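Using the sequences provided together with the hints, build the complete structure.
2 protein chains.
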Amino acid sequence: MIGNGGESTGFEVGIVVPKKKEWNFSRVRGFHCVDSMVMELEKVGLMVERIQGISDEFIKIAAPVETMGRAAAKLQLKKMTSIGMDLQFEWDEREAFVRQPDGSLFSWCERLSCFHHIIYGIVNKKRSKATMWLDGKEFLWYPNESLLKRMESEGIIKLIFPLHDETNRKHLLRNWAFNWLDFTWQPIDEIYSYFGTKIATYFSFLGMYTRWLFFPASFGLAVHLFDFGSGQIFVLPVFFVFVISWAVFFFQFWKRKNSVLLARWGINDTFDSVREKKDRGKEMFNKIPVGEEKSMLQREEWFGHLLKIRNDAIVVFGIICLQLPFELTYAHLYENTDSYVIKYGLVAVYLLAIQYYTRFGAKVSIMLIKSEKNAGRESSADSLVYKVFGLYFMQTYIGLFYHALQHRNIVTLREVLIQRLIVSQVLENLLENSVPYIKYSYKKYKALRNKRYEKGQIFKLAQLNSRVEKEFLKPSYSASIGAELEDGLFDDFLELALQFGMIMMFACAFPLIFCFTVLNNITEIRVDAFKLLVMFKRPIPRTATTIGAWLNIFQFLIVMSICTNCTLLVCLYDQEGKWKLEPGLAAILIMEHVLLLIKFGFSHFVPEEPAWVKANRVQNVAKAQDLCSKQLLRSISSMKRRRIE
Amino acid sequence: MIGNGGESTGFEVGIVVPKKKEWNFSRVRGFHCVDSMVMELEKVGLMVERIQGISDEFIKIAAPVETMGRAAAKLQLKKMTSIGMDLQFEWDEREAFVRQPDGSLFSWCERLSCFHHIIYGIVNKKRSKATMWLDGKEFLWYPNESLLKRMESEGIIKLIFPLHDETNRKHLLRNWAFNWLDFTWQPIDEIYSYFGTKIATYFSFLGMYTRWLFFPASFGLAVHLFDFGSGQIFVLPVFFVFVISWAVFFFQFWKRKNSVLLARWGINDTFDSVREKKDRGKEMFNKIPVGEEKSMLQREEWFGHLLKIRNDAIVVFGIICLQLPFELTYAHLYENTDSYVIKYGLVAVYLLAIQYYTRFGAKVSIMLIKSEKNAGRESSADSLVYKVFGLYFMQTYIGLFYHALQHRNIVTLREVLIQRLIVSQVLENLLENSVPYIKYSYKKYKALRNKRYEKGQIFKLAQLNSRVEKEFLKPSYSASIGAELEDGLFDDFLELALQFGMIMMFACAFPLIFCFTVLNNITEIRVDAFKLLVMFKRPIPRTATTIGAWLNIFQFLIVMSICTNCTLLVCLYDQEGKWKLEPGLAAILIMEHVLLLIKFGFSHFVPEEPAWVKANRVQNVAKAQDLCSKQLLRSISSMKRRRIE
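The listed protein sequences derive, respectively, from chains A and B. To convert, count from 1 in the first sequence and add 10; that's my numbering. To convert, count from 1 in the second sequence and add 10; that's my numbering.
Simulated from the structure, these hints should not be mistaken for lab results. Please note: incorrect hints may appear among the correct ones.
In this list, chains with the same sequence are indistinguishable; a pair is considered to hold if it fits within one copy or across any two.
[Said to hold, decoys possible] Below are the DSS-like pairs computed for lysine-lysine, each with C-alpha atoms no more than 25 Å apart in a straight line:
#: 1; residue 1: Lys267; residue 2: Lys304
#: 2; residue 1: Lys180; residue 2: Lys484
#: 3; residue 1: Lys265; residue 2: Lys383
#: 4; residue 1: Lys267; residue 2: Lys318
#: 5; residue 1: Lys456; residue 2: Lys29
#: 6; residue 1: Lys147; residue 2: Lys29
#: 7; residue 1: Lys304; residue 2: Lys265
#: 8; residue 1: Lys383; residue 2: Lys267
#: 9; residue 1: Lys380; residue 2: Lys541
Quantities reported herein were computed from a predicted structural model and do not represent experimental measurements.
In structure tokens, the structure reads:
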């Protein structure tokens with residue numbers, strides 16, 4: 011039970027160690043390290059299950075809720091209480107804390123960090139070193155040394171990874187991944203319980219985005235199908251204004267939805283950032299800084315900003331000076347070549363080159379980010395997203411811009427758009443699932459082959475019987491640009507952002523594109539769900555509570571699309587290329603400015619947080635203050651008195 | 011002493027009652043109401059001083075700090091404690107609270123609300139009604155009725171108003187209003203202690219704005235004086251870009267400065283809004299709303315938004331349909347009239363008409379705002395500012411736009427700009443001080459004349475000897491659009507905003523204008539200081555901690571100025587009126603877009619709050635949570651247990 015009754019967690023963490031080999035059983039003195047690890051794990055109150063795989067042994071761990079709770083208290087975990095304030099967890103006062111939507115006391119993310127705290131907290135409590143052995147290897151376990159860290163550094167523990175929970179996984183598969191009839195509806199709360207905030211936020215965003223896409227899709231279809239007679243000339247501008255307003259509204263409402271989700275999951279966003287920065291703050295300040303100290307802090311802050319600006323400048327410079335000429339050359343060559351052979355050759359060379367270029371860019375970005383002082387992992391990840399997105403932006407759109415500007419021919423542009431959209435979206439959906447499957451199959455094949463060699467049974471087809479071993483062989487959900495700061499969500503969001511940019515920036519050229527996108531996204535929801543539930547190891551949950559940097563990228567794309575659509579309209583209505591500022595052109599320019607105004611003015615009208623969420627939060631803080639006001643005051647004044655004495 | 015030693019406040023509140031007339035002394039039974047009021051005031055622990063003026067009697071009130079503190083505790087005032095959290099004030103734990111920069115326990119705003127609480131809190135504690143009389147008038151003071159409210163409604167108390175503190179006022183006059191040599195420097199902390207947050211924020215803003223204006227002023231001077239040879243054609247665009255960037259930077263840095271000021275004064279901005287909304291929240295929510303209740307709340311919220319949008323639409327509609335044609339007609343008539351007599355007549359009619367129009371607009375706006383649900387007085391005031399500013403914006407600039415577009419002649423535009431600037435700024439500075447003085451003199455003359463008639467001494471020149479009577483006769487610091495929601499700061503900020511709009515929107519037409527503005531603003535600082543210290547009653551302090559709606563208005567003016575300057579540049583470089591999108595024009599359009607991008611992108615680079623302020627605040631919250639964590643948890647769980655039982 012995944013903490014359902016509050017009794018104990020499921021077997022949610024797996025440790026992979028080599029299989030015990032019988033022939034060197036009693037040769038050495040000391041303890042067999044895997045055996046003693048299991049003993050130690052049981053001693054700290056965990057439930058352990060050992061499973062013999064084909065080439066490795068798997069140790070599955072579960073924890074009674076009390077063990078978990080004591081670990082959480084030791085970790086000084088802060089949790090939402092029923093008065094809405096985040097307080098440090100105490101096992102004895104567990105009733106004060108808000109339970110998860112599925113009834114368990116800890117969220118998946120909290121459970122995992124407790125597991126980690128418990129298993130890495132196993133140290134040698136004796137005064138003397140203990141001798142450990144495995145497969146002829148011997149090592150000493152020093153006092154106060156963490157056993158698991160030692161075993162990891164000795165190479166005995168191959169991996170510690172979160173396990174899928176079979177009951178919940180099957181339930182989700184049935185209700186979510188295979189439930190195509192629900193279109194855009196998804197069981198978000200269950201996804202949150204199983205995968206954590208960030209992934210649930212992604213799916214919630216994807217669902218809402220797809221739902222909202224129905225509006226421009228139907229408008230686009232109408233524009234495509236019907237002839238508006240004398241009003242035809244105004245159809246595209248009206249569509250353009252509609253689409254931009256739609257996008258602005260959508261993102262404002264998404265922010266509201268996000269804050270509602272967080273309120274429902276009992277996550278205090280404001281205090282989340284507090285938590286992250288608390289430790290840094292502690293070192294730096296014990297009182298309000300004055301004079302010399304303050305100016306030092308300010309200098310430090312500005313130095314940080316300048317560093318960030320410099321890094322961004324390097325990235326922009328790199329993109330403009332290296333990537334832009336390359337992309338333009340490719341687009342130009344591709345356009346002006348007639349031979350199909352050379353064209354395919356070009357595409358092959360190009361695809362190879364951008365693979366390397368992207369990886370190189372990501373590496374440089376990560377290097378740059380390391381020199382920045384970001385206030386936590388999520389902040390660094392956001393910084394990376396901005397930098398790498400610039401690269402992808404150029405890669406995806408420069409060819410389209412080239413087309414649009416060189417040919418100034420709507421029909422060619424439409425063709426290219428359809429090609430790109432179908433190629434990028436359909437292919438990606440296929441690759442997303444097939445690449446992990448191929449990886450998994452290859453690994454499985456290798457494992458089985460090794461086994462066969464060992465046993466000498468060349469012709470017997472071995473089978474993987476244990477579920478945990480299958481999971482171990484599955485690839486992990488990681489980003490294509492490197493696993494350091496981002497996980498697989500990077501690729502999923504990138505896909506979404508590039509799609510959004512494509513449909514928005516060329517909305518006027520091809521209104522029907524929105525229909526394709528709706529179809530694609532409905533598929534995307536289920537395909538991504540299937541991917542996460544079946545194709546990958548269970549991902550490590552992240553603490554981020556919003557879509558972070560991507561929100562700003564989407565906003566940027568809206569502004570870009572205002573500009574590009576205006577250009578498109580100018581091209582459409584001024585086909586002779588006179589570029590005169592005639593009334594029509596002037597009207598377009600005015601429209602552009604009005605739209606930009608709407609874009610930036612609208613946020614004043616719709617608050618990002620629904621009133622009831624805000625009022626609730628605010629009231630909670632006030633209640634908490636009232637509850638402990640006197641107590642606090644007394645301790646402050648006594649602190650002061652002591653200082654004076 | 012204005013709370014300096016913490017011993018007692020100065021005489022900071024005055025009550026005006028009619029002078030006792032001797033001849034009806036013992037005619038009636040019961041108590042003389044002024045005498046008994048003074049007795050009651052002394053009974054609740056206030057210090058009272060009675061001063062006989064020429065036609066009225068003035069009762070000055072001071073309070074020992076303990077009386078003040080007990081009143082604050084009864085008011086449930088929240089104050090910043092030394093751990094940085096706002097907690098309810100308790101007299102016994104007063105050491106826990108942060109002291110003001112001048113060493114006193116309460117700020118001026120807090121003192122005034124305590125005074126009000128104390129004096130209006132005097133009720134008839136006996137079971138029976140008491141009979142009161144004054145000048146033959148009799149009334150009954152019912153049990154549990156507030157004496158002062160009764161006396162106000164009987165018309166006996168003419169006014170209760172905050173008094174100037176002579177020591178501090180003289181000190182400020184010397185160090186601030188007459189201290190011209192300091193240019194833009196001002197003793198902001200002392201201003202804060204004496205006038206409260208909002209006025210101190212205004213002067214801090216004015217000082218910083220003037221200081222920053224030196225940059226564009228010197229650039230403008232250079233543009234005006236030097237000939238850049240072949241580079242001359244690029245001078246204006248460069249100046250334009252510089253000015254816009256300057257403005258964007260300035261406002262970002264102002265936000266930082268504002269948060270630093272608040273940190274120094276011990277004001278928790280985040281909790282300020284909490285405080286305001288707490289009472290509303292209490293009625294509405296006792297738990298997280300669900301289902302029907304939630305949807306009702308949401309409906310209510312959206313209804314509020316729609317109401318606001320409707321009101322804004324009414325105002326915009328009114329401005330465009332009523333004011334715009336009127337202003338254009340005036341501008342057109344004025345332009346096309348040659349006779350000076352008719353011109354002067356036009357100006358006179360115009361000035362009269364806009365007076366009425368503005369007042370009418372303000373009344374309509376206030377009426378509209380009353381139907382809105384704003385979350386407190388400052389929020390309503392902001393809403394009023396937006397609505398009324400639209401009116402003034404049209405009034406001030408439409409003539410200039412008309413000039414700029416009709417003549418497309420830089421020289422005429424410059425002349426008009428100088429005229430307007432000098433007329434509006436110099437005249438306003440003069441009026442600001444002379445109008446209150448004339449009002450004061452008239453009132454004084456009237457009071458003395460009445461006196462003389464009474465005494466029958468027709469030829470003796472009576473003198474006002476008491477300071478408090480002089481203050482009573484001074485006008486109060488109120489807004490020209492009505493005193494309901496705004497005070498005199500509205501006019502001061504309006505002047506600043508209109509000036510800012512004028513210099514920014516026509517920056518390219520006349521770079522020298524920045525020099526005039528610097529000179530004007532240096533004068534403005536001292537003139538405004540003099541006005542507040544000498545010409546008016548001491549203003550009632552307001553709780554607002556930022557410049558509020560004006561910040562958004564300034565930002566809007568920046569965006570507007572990007573557009574107008576681009577138009578100006580087009581006019582300058584395309585004098586034949588071909589309006590062709592030639593390379594030059596295209597370059598300007600590109601520049602415009604880049605600038606808009608900078609405008610909206612820059613806020614991502616510079617955070618609005620310095621890192622040390624934020625870290626400090628964050629750490630304070632964390633510390634407070636740690637301090638009372640266990641205590642809180644226990645009370646929450648016991649609450650829950652009780653509920654279950």
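If the cut is 25 Å between Cα atoms, do Lys267 and Lys318 qualify within a copy, between copies, both or neither? between (31 Å within a copy, 22 Å between copies)
Copy assignment of Lys180 with Lys484, given that the CA separation must stay at most 25 Å: Within one copy only: 17 Å inside, 80 Å across.
Between Lys147 and Lys29, at a C-alpha cutoff of 25 Å, which is it: within one copy, between copies, both, or neither? Classified as within: same-chain Cα gap 14 Å, cross-chain 105 Å, threshold 25 Å.
Have a look at Lys383 and Lys267 and pick one of within, between, both or neither, based on CA distance no larger than 25 Å. Result: close only across copies, 23 Å inter versus 31 Å intra.
As a check of your reading, is Lys265 near Lys383 (CA-CA no more than 25 Å) within one copy, between copies, both or neither? between (27 Å within a copy, 23 Å between copies)
Within, between, both or neither: Lys456, Lys29 at alpha-carbon 25 Å: within (17 Å within a copy, 106 Å between copies)
Which holds for Lys267 with Lys304 at a C-alpha limit of 25 Å: within a copy, between copies, both or neither? Between copies only: 14 Å across, 39 Å inside.
Homomeric proximity label, Lys380 with Lys541: Cα distance no greater than 25 Å: Answer is neither: 31 Å inside a copy and 55 Å across each miss the 25 Å cutoff.
Checking Lys304 and Lys265: alpha-carbon separation at most 25 Å within a copy, between copies, both or neither? between (35 Å within a copy, 18 Å between copies)
Checked against the numbered hints listed earlier, the structure breaks hint 9 alone; every other hint is satisfied.
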